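Knowing the structure of chain A, use the given hints to seat chain B on it.
Taken in sequence, the protein lines are chains A and B. Heads up: the first sequence begins at 1 in the working numbering, then just goes up one per residue. Heads up: the second sequence begins at 1 in the working numbering, then just goes up one per residue.
It cannot be assumed that every hint is accurate.
Stated by the list, open to error - Here are the simulated DSBU-like cross-link-like pairs (lysine-lysine), alpha carbons at most 30 Å apart as the crow flies:
id : chain 1 : residue 1 : chain 2 : residue 2
1  : B       : 134       : A       : 265
2  : A       : 180       : B       : 545
3  : A       : 180       : B       : 93
4  : A       : 180       : B       : 317
5  : B       : 317       : B       : 545
Bear in mind the hints are in silico, worked out from the structure with no lab data behind them. Only a predicted model underlies this, so the values are computations on that prediction, with no experimental measurement involved.
Chain residues, written in single-letter form:
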Amino acid sequence: MAISTSRSQPTLPRWLTRILINLQKRSKQWLLSASAIFLFLLIWQIICAGDNPPLPPPTKVLEETWDLIIDPFFDNGGTDKGLFWQILASLRRVAIGFTLSAVVGISVGVLIGSNKLLYGAVDPIFQVLRTVPPLAWLPISLAALKDNEPAAIFVIFITAIWPIIINTAVGVQQVPQDYKNVSRVLQLSRMEYMSNILLPATVPYVFTGLRIGIGLSWLAIVAAEMLIGGVGIGFFIWDAWNSSLISEIIIALLYVGIVGLLLDKVVDFIGKLFTPGGQQ
Amino acid sequence: MVAFLEIDHVDKIFPLADGGRYVAIENISFKIKQGEFVSLIGHSGCGKSTLLNMVAGLERPTVGGVILEGREVRKPGPDRMVVFQNYSLLPWKTVRQNIALAVNAVMRHLPKGERRGVVEQALDLVHLRPAADKYPAQLSGGMKQRVAIARALALRPKVLLLDEPFGALDALTRGNLQAQLMQICQESQVTCLMVTHDVDEALLLSDRVIMLTNGPSAHIGQILEVDIPRPRHRLEVVEHPSYYSLRSDMVYFLDQQKRASRRQRRGQVIQTGTGAEAVRSQATLQIATSMSLEKNSLDLGFIPLTDCAPIVVAQEKGFFAQQGLEVTLHRKPNWRAIAQGVINGELDAAQMVAGMPLALTLEHIGTAPVPIVTALTLSRNGNAITLGKHLLAAGVRTLADLKVAIGRDSSRGYGLGVVHPASMHNLLLRYWLAEGGIDPDWDVRMSILPPPQMAVNLKSGKLDGYCVGEPWNARAVYEGTGYVVATDLDLWDGHPEKVLGVREDWANRHPKTHVALVKALIQACEYCDNHEHREEILTLLCQPKYVGAAPDYTRLGFLDAYDYGTGDPPQPLPGFNRFFQGQANRPDRLEMLWILTQLNRWGITPFPSNWSDVLDRLVYQDVFNQAMQELGHDPLGHAGMPPDATIQLFSGPAFTPDHPLAYIESFAIKHPNAGQMITVDLPTAEVA
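Extracted from the complex, chain A is given alone in its bound form (with noise of 0.2 Å):
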């Protein structure tokens, strides 16, 4: 029965039928998710009608900010540019300050990882010092480099760094004795054991890091953009607040929030290409 009745059925090609299926299993969770969204804003919308509402209800944020929507390029100069512009030099600082961090962090992370007496040592200086908040750095920053954008991008570097340093060197101790044995029986030289055992046993470690890293940037970006002023979408929100611009505030919100999510999935898809086979 079940046969006869499929080839009765006109054949699709195949890449069409795994899409169709895929949005047939999906098809179910966007439902619920946008039924949520418009529940959410529906409630917005209720609460927030009338007059001299706290905030301005969703249709009334569309409609003051659909210029800015509609074009995020737009360059007048000064600090009164596009979202994109905005985003954009926030981006363009995290880049510099992640990297920094990434770099700096893993070598630390690696070396501490690989040194028990180092380990030891340091340790209790890192734990100190990463629970200090990222403003809190700004000031001191700002004192010793005495200008805005290195200062803003030494917090972002900050920031980051402990979480990639303390993954980084628990991934190494990690490393199961099964492949230091393999490397042992093997007489790999050190250079060997780095690039075959070591790093490749790290890497979901480091990553873990780097992704808390990120978001930690991210997040402090948009602080220390509201305190030093420029271009940057921390910026963006801070003038509107003193222009009064509500919705403004409300749609950078979305946009930061969408921004801070892409970041994280694409560190994570990085990192899946730094670790073939899948780890254990």
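Below, chain B without anything else, positioned relative to chain A:
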């Protein structure tokens, strides 16, 4: 022996956190030849993996050293490749890359192309070419272990070290891999040292098995040579005569180790605990008694017959347990299986027909001589001669009648069944027939059948009669197919019927166990001879796992009056099944000698000129005496053979031990080879 790899007086001591020392391994020394496969076996925590790691160089011995080809092992190296239990493959490398990493690291001197060839060859060796580009996470456990073996073998190590290589695999995969490993080792002549906890794996793969005692201070408990020829196959190996005895030796050793550690643990509890001392000290005493036995868990064979009662009772009423024995009973289909089981070591001891120890010790048709000894007679009497109902119709009521009936139609060929050539049934039936002028080898057709099949064969007409133990006579009477023409009370009242048989080397290696076993069975025999217990014993016997016969007819003779099936009223036969009364349990050299004369009379065994020595070796009077004394009975010191003792059957000359050959000669009807004397070279007894 040329030592290729030598483990020389190795100790391994770990410092403890509290400043103490833990001696894991103490004074282990052994040598391994090139190409040899040696297994280390022991309970977990006995330090066998530590020992392997020391050979690998991953750990250093605290005292002593490991020497490979005259050089001390100081650090790990690719000449001693290890196959770890958890495979230790790098998960970020494919199968090929994993092997290539090893090959490239170790064979740096070879050109690139050649190294690639080595990798491919290794892949082929374990048939993994189709999976060469897969990552370990995509492989099954068995495939991963094959990669690990391929990686190790690709480097052509001098020694292959295997740490429970198949421990994590399912049985089927394990079997396949073991076969592959064996083949590879055979082909490339690799020297192997394997750690395992699997007895069968060790036996299948190894040339020698080294058994380690439990830690702390683990040392070599025993070394077994596995003399099974190669190439070996899983299915054939188990049929090799040595297999079961080697296996039981190993299981026994491991069992002992387990008990020892349990005792240690319990000992600690008793030391630290307070109160209820009396109970505990009694418990310790019990453990102490059982510990002093060489072996606690025994396999005992029996045949479904009423007179297996002592064995069933000893098990069911806890007499074995009282003596610290843990007995597994094996019901065997026939007496040949019993003999086979004892010879190949599958059974520690067995219920045997009285002539079986002699027949197996001397050369007996089809089997090589194996010295069997007995220290206990389990039962006396209990047999009868049953004939088919058609003979009753023909008026056969006595032996003389039977002679007439057979003479009347000599062409018919009367068929008579017995259970074993060396059983009293055979010897008594033949004696009876011969006394009546019937030659059992010419006038009738004698055949060997398992006891439970007698009645069925009589019913189907294949047999005209048989001599067997109960309940198989009573069954024919009960079913109306046969009648009893004579019980053995009419032939020789009080003859030995079943004995306890063990291999001589077993008896010498387990003297205390032997006494304990005999004690338990004497207690059981005493229990059986109390008629108040007979009803209960009958219920036990009739269970399907023992005799499995209906209680209606099994009770006849054993409990109730004996029905001959001739239409006469049943007669009480009080001494029909004797287990204890009247010195029933005493193993008697004179009786054995009578059996020997009859075995020789009918051409079943030769007659040894050194018969006195043979009987001395065969009858373990001392074990019986000790058992009786320990039970508080008087063994009635029949140590030697009383000069005036005679055996008198219902007819024929009285038997005295003075001239056994003359006794045989005195019979008119006998086998043409009867009376031949040979010198039997008794194999030297191994005393452990």
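Against the structure, the hints come out as follows:
1. Taken as a hint, the residue 134/B and residue 265/A pair is honoured in the structure, with Cα atoms around 27 Å apart against an allowance of 30 Å.
2. Proposed proximity of residue 180/A and residue 545/B is contradicted: the alpha carbons are some 56 Å apart, above 30 Å.
3. A distance of roughly 15 Å separates the Cα atoms of residue 180/A and residue 93/B; the hinted pair therefore holds under the 30 Å criterion.
4. Distance check on the hinted pair: residue 180/A and residue 317/B sit about 59 Å apart at the alpha-carbon level, beyond 30 Å; violated.
5. The straight-line distance between the Cα atoms of residue 317/B and residue 545/B is roughly 16 Å, inside the 30 Å bound, and the hint therefore holds.
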